[in-house]
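Under the UniProt record's numbering, residue 301 is the last one in the sequence shown; the count climbs by one each step, no gaps.
Calculated directly from the structure, the hints in this document are not laboratory data.
Treat each hint with caution, since some may be false.
Stated by the list, open to error - Simulated DEER-style distance windows between Cβ atoms:
| id | residue 1 | residue 2 | range |
| --- | --- | --- | --- |
| 1 | Gly5 | Arg139 | 43 to 51 angstroms |
| 2 | Leu158 | Ile34 | 25 to 33 angstroms |
| 3 | Trp175 | Met283 | 36 to 44 angstroms |
Each residue gets a CB set at the ideal place from its N, CA and C atoms; glycine is no exception.
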Amino acid sequence: LGPNGSWAALMKVEPSRPSDCLNGLRVLSMIWVILGHGLTQPLLVSGFRNAECVKKTPFCLDAYSTNPLIDILFAGDCGVDTFFFIGGFLLSYVGMSRSVPVIMGTVLRYARLLPCLGFVMMVYVLIAPYWTFGPFSPRFQNDVFNNCSNNTWWAELLFISAFFPWSNPKACMGWSWYLGLDMLFAILGLAMLNVWKKLPVTAWAMVFIMTAASLAVTIQQVLHYDMQYSLFGAHEGNYQFHLYIKFYPRLPVFFVGLCAPWAMPSSEAGAVPRSRRATALVMLGCLVAVAVGACCIFLPA
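Please take these sequences and the hints and turn them into a complete structure.
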């Protein structure tokens with residue numbers, strides 16, 4: 001309870017920093033993702049596969065007619081992109097002030113994440129199936145035993161689940177796709193950051209080329225499988241396995257976060273002057289961002 005005690009440390013308020021806004025983004029996005037999973041996970045566990053029918057129930061139709069904000073719930077898959085943006089931003093923001101070799105950075109990241117992922121997989125495979133009870137327990141147990149005994153579990157421990165198994169239903173822990181993409185983007189981000197420090201123009205050109213290629217592949221997949229870019233579209237299965245968990249739709253978002261610090265003024269140049277023009281540009285950018293975000297959430301896919 002003293003000045004150096006635990007209570008004082010817990011209640012201590014740190015000085016505000018420009019990057020504190022990321023904490024708000026992180027909290028709001030986490031709430032958004034939790035709400036979305038609160039809707040989708042019971043459907044998946046119960047074996048309900050046609051997610052489009054969720055919108056056609058009397059409850060949902062009534063909710064749409066009285067409260068259009070429910071669209072935010074159905075657009076919860078967009079909240080995942082926020083974490084890729086934050087990851088890219090922090091990687092670049094911190095890495096600009098110090099040298100981080102690609103190989104050493106990858107090894108340290110792997111050593112930090114592997115014990116946690118391995119422990120979760122151990123509980124999920126060896127303990128969780130025997131603790132479940134209820135009408136859907138056999139389905140959950142069969143999924144665990146079948147998917148985790150097909151010799152693909154090692155791909156998740158190596159963080160290559162973005163490539164193998166290519167079909168997510170065959171993965172032991174399907175949600176580990178995020179860690180696979182996060183590891184892939186971290187390696188790519190470290191490499192791009194080193195290029196930017198030596199050849200800024202080349203780094204920007206590489207970002208634009210890879211972003212254009214990612215968008216082209218995403219559009220090709222949407223047209224090829226005739227699907228909506230939504231987790232609750234008419235072709236939910238195709239979207240889930242050909243876009244949602246793949247790296248090419250997520251790469252542009254990561255690049256936005258990675259490149260944002262590149263465009264920020266350096267500490268040597270000083271802070272951006274608080275002129276009327278700068279304030280107007282910031283407000284205009286905020287309005288455009290809100291408008292684009294609202295279109296992604298409320299307009300039909």
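Hint by hint, work out which the structure violates, then give me just those numbers in ascending order.
-> As far as the earlier hints go, not one is violated by this structure.
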